[in-house]
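Student: On the provided structure of chain A, position chain B as indicated by the hints.
Number of protein chains: 2
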Amino acid sequence: MPYIKPLPSSNYYAVIFSSTKEEDRLGYAEMDELMMKLAHEQDGFLGYESINNGNTGIFISYWENKGSIEKWRINTTHKMAKDQAKNWYKRYLSQICLVESSHEFVK
Amino acid sequence: MPYIKPLPSSNYYAVIFSSTKEEDRLGYAEMDELMMKLAHEQDGFLGYESINNGNTGIFISYWENKGSIEKWRINTTHKMAKDQAKNWYKRYLSQICLVESSHEFVK
Chain A
1 MPYIKPLPSS
11 NYYAVIFSST
21 KEEDRLGYAE
31 MDELMMKLAH
41 EQDGFLGYES
51 INNGNTGIFI
61 SYWENKGSIE
71 KWRINTTHKM
81 AKDQAKNWYK
91 RYLSQICLVE
101 SSHEFVK
Chain B
1 MPYIKPLPSS
11 NYYAVIFSST
21 KEEDRLGYAE
31 MDELMMKLAH
41 EQDGFLGYES
51 INNGNTGIFI
61 SYWENKGSIE
71 KWRINTTHKM
81 AKDQAKNWYK
91 RYLSQICLVE
101 SSHEFVK
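The listed protein sequences correspond, in order, to chains A and B. Here the first sequence stands for residues 1 to 107, where the numbers follow this note's numbering. Here the second sequence stands for residues 1 to 107, where the numbers follow this note's numbering.
Please note that a few of the clues may not be correct.
Any copy, or any two copies together, can satisfy a pair, since identical chains are not distinguished.
[What the hints assert, rightly or not] Listed next, the in silico SDA-like pairs over lysine to any residue satisfying Cα-Cα at most 25 Å (straight line):
hint	residue 1	residue 2
1	Lys79	Gly27
2	Lys5	Glu100
3	Lys90	Gly57
4	Lys71	Glu100
5	Lys82	Ser101
6	Lys90	Ser102
7	Lys82	His40
8	Lys21	Gly54
9	Lys107	Glu41
10	Lys107	Gly27
11	Lys21	Gly67
12	Lys71	Asn11
13	Lys79	Thr56
14	Lys79	Phe105
15	Lys82	His103
16	Lys71	Phe105
17	Lys21	Gln84
18	Lys82	Glu104
19	Lys90	Ile4
20	Lys66	Arg25
21	Lys21	His103
22	Lys71	Ser10
23	Lys90	Asn65
24	Lys71	Glu49
25	Lys71	Thr56
26	Lys90	Ser101
27	Lys71	Ala39
28	Lys66	Ser101
Keep in mind the hints are simulated off the structure, nothing from the lab.
Isolated chain A, as found in the complex (with noise of 0.2 Å):
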């Protein structure tokens, strides 16, 4: 999974967007693309995880603090990429959480 900082043991904050997209979405590869580069960008961004099957996908980004995910929030052209979702979601979900706790196992 593209982590670009190590997630913290605990008190993070993970942004969920599960979803049912549209099959016709005109510009949404584009700009999909530059959300996750400026996303990258961000002070406080850690990285996310991301499975689609089919139209369905969960995305989840994470942040070092909620002030990180506020200012993406009010970022610009992140602003015109939310204007524009209505027309290539059929239903979406978004959650800003507090993660508590955290436990990795790797073989």
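Tutor: Chain B only, in chain A's frame:
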């Protein structure tokens, strides 16, 4: 997504389980089915979302409060399943999260 109760708009819990499974995972499918059945019977279980693609997956369960997660954590049958997890998974990350805010869009 299979919620058994509507998610509140804030202050509930998500357990994010992201994983890469082994190719060979004898007994996994039966145990997975049993765990889903038992989880649904737990007090405070709100529902789940799950996406798999090949051997990677993200499974998120939702809970009313931390007490309900703790009761499920120490459930004897659930503990038996977890004892076998290291045979079935190459890697997993389990995160217990307080959902501070949630926003849904449905077309």
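Student: Would you mind marking each hint as holding or not holding in the structure?
Tutor: For each hint, the structure was consulted:
In this assembly of identical chains, the alpha carbons of Lys79 and Gly27 lie at most 25 Å apart only when taken from the same copy (15 Å versus 47 Å across copies). Taking the closest pair of Cα atoms, Lys5 and Glu100 come within 25 Å of each other both inside a single copy (18 Å) and across two copies (23 Å). For a Cα distance limit of 25 Å, the shortest separation of Lys90 from Gly57 qualifies both inside one copy, at 12 Å, and across copies, at 22 Å. Taking identical chains as interchangeable, the C-alpha atoms of Lys71 and Glu100 lie at most 25 Å apart whether they share a chain (22 Å) or sit on different chains (17 Å).
For the identical chains of this complex, Lys82 and Ser101 are inter-copy neighbours only, at 17 Å across copies versus 30 Å inside a copy, given an alpha-carbon limit of 25 Å. For a Cα distance limit of 25 Å, the shortest separation of Lys90 from Ser102 across copies, 17 Å, qualifies, whereas the shortest one inside one copy, 31 Å, does not. Taking CA atoms no more than 25 Å apart as the test, Lys82 paired with His40 passes inside one copy only; the shortest distance there is 17 Å, against 34 Å between copies. Taking the closest pair of Cα atoms, Lys21 and Gly54 come within 25 Å of each other both inside a single copy (9 Å) and across two copies (20 Å).
Neither within a single protomer nor between protomers do Lys107 and Glu41 lie at most 25 Å apart by alpha-carbon distance, with minima of 31 Å and 32 Å respectively. For the homomeric pair Lys107 and Gly27, the shortest alpha-carbon distance between copies (19 Å) is at most 25 Å, but the shortest distance inside one copy (40 Å) is not. Within a single copy, Lys21 and Gly67 get their C-alpha atoms no closer than 29 Å, and across copies no closer than 35 Å, so neither meets the 25 Å cut-off. In this assembly of identical chains, Lys71 and Asn11 lie within 25 Å of each other by CA distance both inside one copy and across copies; the values are 18 Å within and 22 Å between.
In the homo-oligomer, the alpha carbons of Lys79 and Thr56 lie at most 25 Å apart inside one protomer (22 Å), although the nearest pairing across protomers, at 31 Å, exceeds that limit. Taking CA atoms no more than 25 Å apart as the test, Lys79 paired with Phe105 passes between copies only; the shortest distance there is 16 Å, against 36 Å inside one copy. Within a single copy, Lys82 and His103 get their C-alpha atoms only as close as 32 Å, which misses the 25 Å cut-off; across copies the closest is 13 Å, which meets it. Taking the closest pair of Cα atoms, Lys71 and Phe105 come within 25 Å of each other only across two copies (22 Å); inside a single copy the shortest separation is 32 Å, beyond that limit.
Taking the closest pair of Cα atoms, Lys21 and Gln84 come within 25 Å of each other only inside a single copy of the chain (12 Å); across copies the shortest separation is 35 Å, beyond that limit. In this assembly of identical chains, the alpha carbons of Lys82 and Glu104 lie at most 25 Å apart only when taken from different copies (13 Å versus 32 Å within one copy). In this assembly of identical chains, the alpha carbons of Lys90 and Ile4 lie at most 25 Å apart only when taken from different copies (21 Å versus 30 Å within one copy). Proximity of Lys66 and Arg25 under a CA criterion of 25 Å is satisfied in neither setting, with 30 Å inside one chain copy and 39 Å between copies.
For the identical chains of this complex, Lys21 and His103 are inter-copy neighbours only, at 16 Å across copies versus 31 Å inside a copy, given an alpha-carbon limit of 25 Å. Proximity of Lys71 to Ser10 under the C-alpha cut-off of 25 Å is found in both arrangements, the shortest distances being 21 Å within a copy and 21 Å between copies. When the C-alpha separation of Lys90 and Asn65 is checked against a cutoff of 25 Å, the pair qualifies neither within a copy, at 30 Å, nor between copies, at 29 Å. Proximity of Lys71 to Glu49 under the C-alpha cut-off of 25 Å is restricted to the intra-copy arrangement: shortest distance 20 Å within a copy versus 28 Å between copies.
Taking the closest pair of Cα atoms, Lys71 and Thr56 never come within 25 Å of each other, the shortest separation being 27 Å inside a single copy and 31 Å across copies. In the homo-oligomer, the alpha carbons of Lys90 and Ser101 lie at most 25 Å apart only across protomers (21 Å), although the nearest pairing inside one protomer, at 32 Å, exceeds that limit. Proximity of Lys71 to Ala39 under the C-alpha cut-off of 25 Å is restricted to the intra-copy arrangement: shortest distance 11 Å within a copy versus 37 Å between copies. In this homomeric assembly, Lys66 and Ser101 come within 25 Å of each other (Cα to Cα) both inside a single copy, at 16 Å, and across copies, at 12 Å.
Hint compliance for this structure: hints 9, 11, 20, 23, 25 are not met, and every other hint is.
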